[in-house]
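Engineer: Just so you know, the protein sequences line up as chains A and B, in that order.
Residue numbers for the first sequence follow the working numbering, beginning at 22 and rising by one.
Residue numbers for the second sequence follow the working numbering, beginning at 13 and rising by one.
Don't read these hints as lab results, they were simulated from the structure.
Since the structure is predicted, the reported quantities are computational estimates derived from the model, not experimental observations.
Cβ atoms here follow ideal geometry from the backbone N, Cα and C, with glycine treated the same way.
Treat the hints with caution; some may be incorrect.
Between beta-carbon pairs, the in silico distance windows are [unchecked claim]:
id, chain 1, residue 1, chain 2, residue 2, range
1, B, Arg30, A, Thr76, 51 to 59 Å
2, B, Pro318, A, Asp126, 49 to 57 Å
3, B, Arg196, A, Thr80, 49 to 57 Å
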Amino acid sequence: MPIGKTITLAHGAGGRASDELIREIILPALGGDPRSCLPDSVVLSNLGERLAFTTDSYTVSPLFFPGGNIGKLAVYGTVNDLAMSGAEPLLISLGLILEEGLEIDLLRRIIEEIGEATKETKIRVVTGDTKVVGRGAVDKIFVNTSGIGALPAFIGRIAPNQARPGDVALVSGALGDHGIAVMAAREKLSFTSNIKSDCAPLHTLVATLLRAAPHTRCLRDPTRGGAAATLNEIARASRVGIELDENAIPVHREVMGLAELLGLDPLFLANEGKLIAVVPEEEAEAALAALREHHLGFESNIIGKVTSDHPASVVIKTTMRTHRVVEYPAGELLPRIC
Amino acid sequence: MKFISEFREGALGSGLVRRIERLSRPIRIMEVCGGHTHVICRYGIRDLLPPDIQLIHGPGCPVCVIPQHEIEKAIELSTRPGILLCCFGDVMRVPTRRGTLFSLARGRGSVKMVYSPLEAIEMAAALPDKEIVFFAIGFETTAPSTALALKRASSQGLANFKVLSTHFIIPPALRVLVKDSSSRIGAFIAPGHVTTIIGPDAYCFLADEYNRPVVVTGFEPLDLLQAIMLILQQAAEGKPRVENQYTRAVRVQGNRRALEAMDEVFEIRPAIWRGLGLIPGTGLGIAPAFAPWDAEKAWDLSQVEPAPEPPGCLCGDVLKGVSQPKDCSLFAVSCTPDSPVGPCMVSPEGACAAHYRYRGA
Ligand code: SF4
Numbered sequence: 022m023p024i025g026k027t028i029t030l031a032h033g034a035g036g037r038a039s040d041e042l043i044r045e046i047i048l049p050a051l052g053g054d055p056r057s058c059l060p061d062s063v064v065l066s067n068l069g070e071r072l073a074f075t076t077d078s079y080t081v082s083p084l085f086f087p088g089g090n091i092g093k094l095a096v097y098g099t100v101n102d103l104a105m106s107g108a109e110p111l112l113i114s115l116g117l118i119l120e121e122g123l124e125i126d127l128l129r130r131i132i133e134e135i136g137e138a139t140k141e142t143k144i145r146v147v148t149g150d151t152k153v154v155g156r157g158a159v160d161k162i163f164v165n166t167s168g169i170g171a172l173p174a175f176i177g178r179i180a181p182n183q184a185r186p187g188d189v190a191l192v193s194g195a196l197g198d199h200g201i202a203v204m205a206a207r208e209k210l211s212f213t214s215n216i217k218s219d220c221a222p223l224h225t226l227v228a229t230l231l232r233a234a235p236h237t238r239c240l241r242d243p244t245r246g247g248a249a250a251t252l253n254e255i256a257r258a259s260r261v262g263i264e265l266d267e268n269a270i271p272v273h274r275e276v277m278g279l280a281e282l283l284g285l286d287p288l289f290l291a292n293e294g295k296l297i298a299v300v301p302e303e304e305a306e307a308a309l310a311a312l313r314e315h316h317l318g319f320e321s322n323i324i325g326k327v328t329s330d331h332p333a334s335v336v337i338k339t340t341m342r343t344h345r346v347v348e349y350p351a352g353e354l355l356p357r358i359c
Numbered sequence: 013m014k015f016i017s018e019f020r021e022g023a024l025g026s027g028l029v030r031r032i033e034r035l036s037r038p039i040r041i042m043e044v045c046g047g048h049t050h051v052i053c054r055y056g057i058r059d060l061l062p063p064d065i066q067l068i069h070g071p072g073c074p075v076c077v078i079p080q081h082e083i084e085k086a087i088e089l090s091t092r093p094g095i096l097l098c099c100f101g102d103v104m105r106v107p108t109r110r111g112t113l114f115s116l117a118r119g120r121g122s123v124k125m126v127y128s129p130l131e132a133i134e135m136a137a138a139l140p141d142k143e144i145v146f147f148a149i150g151f152e153t154t155a156p157s158t159a160l161a162l163k164r165a166s167s168q169g170l171a172n173f174k175v176l177s178t179h180f181i182i183p184p185a186l187r188v189l190v191k192d193s194s195s196r197i198g199a200f201i202a203p204g205h206v207t208t209i210i211g212p213d214a215y216c217f218l219a220d221e222y223n224r225p226v227v228v229t230g231f232e233p234l235d236l237l238q239a240i241m242l243i244l245q246q247a248a249e250g251k252p253r254v255e256n257q258y259t260r261a262v263r264v265q266g267n268r269r270a271l272e273a274m275d276e277v278f279e280i281r282p283a284i285w286r287g288l289g290l291i292p293g294t295g296l297g298i299a300p301a302f303a304p305w306d307a308e309k310a311w312d313l314s315q316v317e318p319a320p321e322p323p324g325c326l327c328g329d330v331l332k333g334v335s336q337p338k339d340c341s342l343f344a345v346s347c348t349p350d351s352p353v354g355p356c357m358v359s360p361e362g363a364c365a366a367h368y369r370y371r372g373a
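Full structure from sequences and hints, please.
Structural biologist: Put into structure tokens, the structure is as follows:
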């Protein structure tokens, strides 16, 4: 029976159509043997002393955007979540929720992207699941991935509540590219833009950073809500203040321009390939040098410091040398026009 | 690769601040445009000024001045069968008696956010079975693109495209404000973008008839500081006039082509502004020659009645510069950008939203 051009409810019913979908589309794209299968569960052993475990679900519109796509996001996102606790990514699961009517070719392209991304990050897909739901129940495709990673022995506790007054905050590059790229693609903005999503796996960048700054206190990737959300979370969890220097915050010129035009603040825009690190002051210079040497961190900078003043809030020293609060973002970003 | 600093230079700023301090005198300066309000709050410009100089916010936030019932007309249209309403993003969140356009977009209304009226035109061409209504809002800055869209609809004979116009024009509203004794405006920071279209001479009456300094101003924090300094200089010399600080964008004659397109497509009519009430000569209705594309001619919307302001909301006074956002008892209590009570908390250019988002440390 040919697989057809679009996903039908039968592809999720667990019978022959499901089996064909997995063997003809999913396994080959993941680089697996079509005669094998993805088991419902997998037995793990000897992964290491300390493990990190994470899960995340992915939905984005459009599915393909400049610089990335939902497949890459689903792998890199989970790799990055593992990396943010200092773990080296090992295994990943793949859950797909497909909308009836989804084109098989589009699905194949997405799974190929997932396959590429797992190869690039050397993470292995070990279990998976596919469901099909009726039209309108999801927007084309939702992807869920869970990941397991191992922590190297020398790494201490890296968590949002570990920042202390005197520490230094760094960012691994320019902020806001992903947010603007996806918004421009989704809304088919009439002004052309060359901005690409920064979508990238950060585990090697983290490994480089941790070698240079082994006492790193917090690591977060500023995705939804942007750097403003991440920094506020750290300030709240650690009950410290964070003071940013607006002059030091890297932003690409084009992102700055479009953000201004749309009334958006780069600090609030999503990133998919940046990290924010809080490190003890004495390791800050080494951390910065290490980040800048890595191809994903060449635009890194020290953006602020942790203080005992104004605990649980983030304050920015503006380029006009005035101070204001950086709000904890909430709600959806709606661009302004007038 | 750029840092934000390259767009805004602190050192130049301190030079301007010192000159402002030397010229300082008690004065209330209104920045008319919401874009300026946003920059003033974002960069804490007030913290740099001597206490004698008060900056007061004006009515130039397009989303803020649209009366509730105009938005309710758009909501009404969006719920009628066969109509797809297209509008800009920030108007979608303004609360009305019938919810917001945003809630409708997710519910029973058909609403689509667009970035330009030309997108709505393209949609009309692509969806001949639907009536595409563009909810046209904004001042002289957005009116020209609505005019172009209407001209295109007419030349392409797009019968299924309509415009619901609530465009406003600025200068006559400034006359109302300068005469209003409760606003006590001593000088104006005139809007940069609006003036690129209408030219600085449109404000001459403020200097000639009312002796108020006017400076047409750009949107960088340094532009604002320089404008304040120029206003103080004019005040010291006792020679109020219209000065153009924003020479990199504003030409004396404005934008002829835009003005011609507006002339052709719109006709001036009285308009109700939120907070300011009915002001003759400030609304842009659609001219008879373009009546086939006028949503108000195509559908009877007379049943949508004027709405009272939300109880407790001071937006009306905030838009006249009589009150500051913090004077409102709902500010940051029950009214926040996530659940706005009035329109001034919605757009990033609204005074309440700017004050909320950019609180001083
Ligand atoms: S704080 Fe809210 S309710 Fe009060 S004036 Fe502003 S928008 Fe209106």
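Engineer: Can you let me know if the beta-carbon spacing of B:Arg30 and A:Thr76 is within 51 to 59 Å?
Structural biologist: holds, 57 Å
Engineer: Is the distance from the Cβ of B:Pro318 to the Cβ of A:Asp126 consistent with 49 to 57 Å?
Structural biologist: holds, 54 Å
Engineer: Please test the hint of 49 to 57 Å on the beta carbon pair from B:Arg196 and A:Thr80.
Structural biologist: With Cβ atoms ~52 Å apart, the hint holds.
The structure agrees with every numbered hint stated previously.
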